[in-house]
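Sequence lines, in order, name chains A and B. Offset between the first sequence (1-based) and the working numbering: plus 560. Offset between the second sequence (1-based) and the working numbering: plus 66.
Just so you know, these hints were derived from the structure itself, not from any lab. These numbers come from a predicted model, not from an experiment. Certain hints may be false.
What the hints assert, rightly or not - Output of the computed footprint for chain B on chain A, the stretches with three or more beta carbons under 8 Å from beta carbons of chain B:
#: 1; segment: 582–592
#: 2; segment: 644–654
Said to hold, decoys possible - With a cut-off of at most 30 Å between alpha-carbon atoms, the simulated DSSO-like pairs for lysine-lysine come out as follows:
#: 3; chain 1: A; residue 1: 612; chain 2: A; residue 2: 601
#: 4; chain 1: A; residue 1: 596; chain 2: B; residue 2: 164
#: 5; chain 1: A; residue 1: 631; chain 2: B; residue 2: 123
#: 6; chain 1: A; residue 1: 604; chain 2: A; residue 2: 631
#: 7; chain 1: A; residue 1: 600; chain 2: B; residue 2: 123
#: 8; chain 1: B; residue 1: 164; chain 2: A; residue 2: 579
#: 9; chain 1: A; residue 1: 579; chain 2: A; residue 2: 604
#: 10; chain 1: A; residue 1: 627; chain 2: B; residue 2: 136
#: 11; chain 1: A; residue 1: 601; chain 2: B; residue 2: 123
#: 12; chain 1: B; residue 1: 164; chain 2: A; residue 2: 627
#: 13; chain 1: B; residue 1: 123; chain 2: A; residue 2: 612
#: 14; chain 1: A; residue 1: 601; chain 2: B; residue 2: 164
#: 15; chain 1: B; residue 1: 125; chain 2: A; residue 2: 582
#: 16; chain 1: A; residue 1: 627; chain 2: B; residue 2: 123
#: 17; chain 1: A; residue 1: 600; chain 2: B; residue 2: 164
#: 18; chain 1: B; residue 1: 125; chain 2: B; residue 2: 136
#: 19; chain 1: A; residue 1: 631; chain 2: A; residue 2: 601
#: 20; chain 1: A; residue 1: 631; chain 2: A; residue 2: 579
#: 21; chain 1: A; residue 1: 627; chain 2: A; residue 2: 612
#: 22; chain 1: B; residue 1: 122; chain 2: A; residue 2: 569
#: 23; chain 1: A; residue 1: 582; chain 2: B; residue 2: 122
#: 24; chain 1: A; residue 1: 600; chain 2: B; residue 2: 136
#: 25; chain 1: A; residue 1: 600; chain 2: B; residue 2: 122
#: 26; chain 1: B; residue 1: 136; chain 2: A; residue 2: 579
#: 27; chain 1: B; residue 1: 125; chain 2: A; residue 2: 631
#: 28; chain 1: A; residue 1: 627; chain 2: B; residue 2: 122
#: 29; chain 1: B; residue 1: 122; chain 2: A; residue 2: 601
#: 30; chain 1: A; residue 1: 596; chain 2: A; residue 2: 631
#: 31; chain 1: A; residue 1: 631; chain 2: A; residue 2: 569
#: 32; chain 1: A; residue 1: 627; chain 2: A; residue 2: 579
Glycine is no exception: its CB is placed at the ideal position from the N, C-alpha and C atoms.
Here are the chains, one letter per residue:
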Amino acid sequence: DTAVSQTPKYLVTQMGNDKSIKCEQNLGHDTMYWYKQDSKKFLKIMFSYNNKELIINETVPNRFSPKSPDKAHLNLHINSLELGDSAVYFCASSHRGLNTEAFFGQGTRLTVV
Amino acid sequence: TQLLEQSPQFLSIQEGENLTVYCNSSSVFSSLQWYRQEPGEGPVLLVTVVTGGEVKKLKRLTFQFGDARKDSSLHITAAQPGDTGLYLCAGITGTASKLTFGTGTRLQVTL
Chain A
561 DTAVSQTPKY LVTQMGNDKS IKCEQNLGHD TMYWYKQDSK KFLKIMFSYN
611 NKELIINETV PNRFSPKSPD KAHLNLHINS LELGDSAVYF CASSHRGLNT
661 EAFFGQGTRL TVV
Chain B
67 TQLLEQSPQF LSIQEGENLT VYCNSSSVFS SLQWYRQEPG EGPVLLVTVV
117 TGGEVKKLKR LTFQFGDARK DSSLHITAAQ PGDTGLYLCA GITGTASKLT
167 FGTGTRLQVT L
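Here chain B stands alone, though its shape is the one from the complex:
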């Protein structure tokens, strides 16, 4: 069974702070995605990383895929209240487009 452990589980920070969320597995994935989910909504894709060691930036968010394609990190610079939500990593394997989701990180950014 493929497991993706995210840390931390919960994070409460003030506006302007930086943070990093980690997504770790013992399994190798073809690619890895990060989603954000807001209350009462479904997850929405933020990014897909494909190549080991790949770094992608989306405004204040920086995503990295581990060299061995087993782990990933999400770094947010100068967090804003609008960043509040549940962050989910998801590993993709096989041609069936099966997503294995991580355990989730709940982020709250306060003024």
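Same shape as in the complex, but just chain A:
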């Protein structure tokens, strides 16, 4: 019954590899997000999709490519992983609009070695 679920929870991979993180929400929300939390716990938005359309694209290397096959799913594919990509990546969803509550997944801890 998890509202926002992302897989995997942990991901350890070597530099240069390509990896994907998957996210699904069963809340009926129309907007989904990817956030990155660094080692200092700073949480920064990367992307946002509304009804499968990209609406927020912060300054993120183009090695990161989000894909939203439908409103309930938002996946994140990362090419040519670098050491600096190590972080916890959070998926979130909400209804679009002001004052809306964002529901977050449990996070995916990515470690690039």
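Once you've looked at the hints, dock chain B against the given chain A.
Below, chain B alone, put in the same frame as chain A:
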């Protein structure tokens, strides 16, 4: 670039003490939210404040939005070990529901 600075960064107190966490910005936000994050979990919403000067209470937690909608504070009365966690403020702007998170305050409450 919108920045939200939180202070203090770290706070270690004993059960029963009171504390206040501050969230400051030079930018104006449509509304502001406070989240709490526990280890290994995603942030969970505590409150949303919308109107400048608004005060909201959630049991022992009191949230205030600054008159100019640039800052906010979270006051906890009689802290308990269950209050331990990372507290994050987040400002909302625009219709894209973009959250700009603060730098975070890590609170530890000991017996």
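A quick look at each hint next to the structure:
With a threshold of 8 Å between beta carbons, the proposed coverage of the segment 582–592 of chain A by chain B is violated, since 1 of its residues qualify and at least three are required. Check on the segment 644–654 of chain A: 3 of its residues sit with their Cβ under 8 Å from a Cβ of chain B, so the three-residue criterion for coverage holds. As the CA atoms of residue 612 of chain A and residue 601 of chain A are separated by approximately 28 Å, the hinted pair is consistent with the 30 Å bound. Straight-line distance between C-alpha atoms of residue 596 of chain A and residue 164 of chain B comes to about 14 Å, which keeps the hinted pair within the 30 Å bound.
Distance check on the hinted pair: residue 631 of chain A and residue 123 of chain B sit about 34 Å apart at the alpha-carbon level, beyond 30 Å; violated. Note on residue 604 of chain A and residue 631 of chain A: the hinted pairing holds, with a Cα-Cα distance of about 22 Å set against a maximum of 30 Å. Between the alpha carbons of residue 600 of chain A and residue 123 of chain B the distance comes to roughly 29 Å, so the proposed pair stays at or under 30 Å and holds. The hinted pair formed by residue 164 of chain B and residue 579 of chain A meets the criterion: a straight-line CA distance of about 26 Å does not exceed 30 Å.
Under the criterion of a C-alpha separation no larger than 30 Å, the hint pairing residue 579 of chain A with residue 604 of chain A is consistent with the structure, at around 20 Å. This hinted pair does not check out: residue 627 of chain A and residue 136 of chain B have alpha carbons roughly 34 Å apart, beyond 30 Å. The straight-line distance between the Cα atoms of residue 601 of chain A and residue 123 of chain B is roughly 26 Å, inside the 30 Å bound, and the hint therefore holds. Distance restraint check for residue 164 of chain B and residue 627 of chain A: the Cα-Cα separation of roughly 18 Å lies within the 30 Å cut-off, and the hinted pair is therefore satisfied.
Proximity of residue 123 of chain B to residue 612 of chain A is assessed by CA-CA distance (about 37 Å); at most 30 Å being required, the pair is judged violated. As the CA atoms of residue 601 of chain A and residue 164 of chain B are separated by approximately 18 Å, the hinted pair is consistent with the 30 Å bound. As the CA atoms of residue 125 of chain B and residue 582 of chain A are separated by approximately 36 Å, the hinted pair breaks the 30 Å bound. For the hint linking residue 627 of chain A to residue 123 of chain B, the alpha-carbon distance of about 39 Å lies beyond 30 Å, and the restraint is violated.
Distance check on the hinted pair: residue 600 of chain A and residue 164 of chain B sit about 21 Å apart at the alpha-carbon level, within 30 Å; holds. Simply put, residue 125 of chain B and residue 136 of chain B have alpha-carbon atoms about 25 Å apart, close enough for the 30 Å limit, and the pair holds. Straight-line distance between C-alpha atoms of residue 631 of chain A and residue 601 of chain A comes to about 28 Å, which keeps the hinted pair within the 30 Å bound. In summary, the hint linking residue 631 of chain A to residue 579 of chain A is supported, as the alpha carbons are separated by about 22 Å, within the 30 Å threshold.
A hinted pair counts as satisfied when its Cα atoms are at most 30 Å apart, and residue 627 of chain A with residue 612 of chain A qualifies at roughly 8 Å. A C-alpha spacing of about 35 Å is found between residue 122 of chain B and residue 569 of chain A, which places the hinted pair above 30 Å, so the restraint is violated. Restraint check: the Cα-Cα separation between residue 582 of chain A and residue 122 of chain B comes to about 36 Å, which exceeds 30 Å; the hinted pair is violated. For the suggested pair residue 600 of chain A and residue 136 of chain B, the alpha carbons sit about 23 Å apart, so the restraint of at most 30 Å is met.
A distance of roughly 29 Å separates the Cα atoms of residue 600 of chain A and residue 122 of chain B; the hinted pair therefore holds under the 30 Å criterion. Taking the CA atoms of residue 136 of chain B and residue 579 of chain A, the gap is near 39 Å; set against the 30 Å cutoff, the hint is violated. At roughly 36 Å between alpha-carbon atoms, residue 125 of chain B and residue 631 of chain A are farther apart than 30 Å, so this suggested pair is violated. Simply put, residue 627 of chain A and residue 122 of chain B have alpha-carbon atoms about 38 Å apart, too far for the 30 Å limit, and the pair is violated.
With a C-alpha separation of about 26 Å, the suggested pairing of residue 122 of chain B with residue 601 of chain A holds against the 30 Å cut-off. With a CA separation close to 21 Å, the supplied pair residue 596 of chain A and residue 631 of chain A stays within the 30 Å bound. With a C-alpha separation of about 22 Å, the suggested pairing of residue 631 of chain A with residue 569 of chain A holds against the 30 Å cut-off. Restraint check: the Cα-Cα separation between residue 627 of chain A and residue 579 of chain A comes to about 13 Å, which is no more than 30 Å; the hinted pair holds.
The structure does not agree with the numbered hints 1, 5, 10, 13, 15, 16, 22, 23, 26, 27 and 28 stated previously, though it agrees with the rest.
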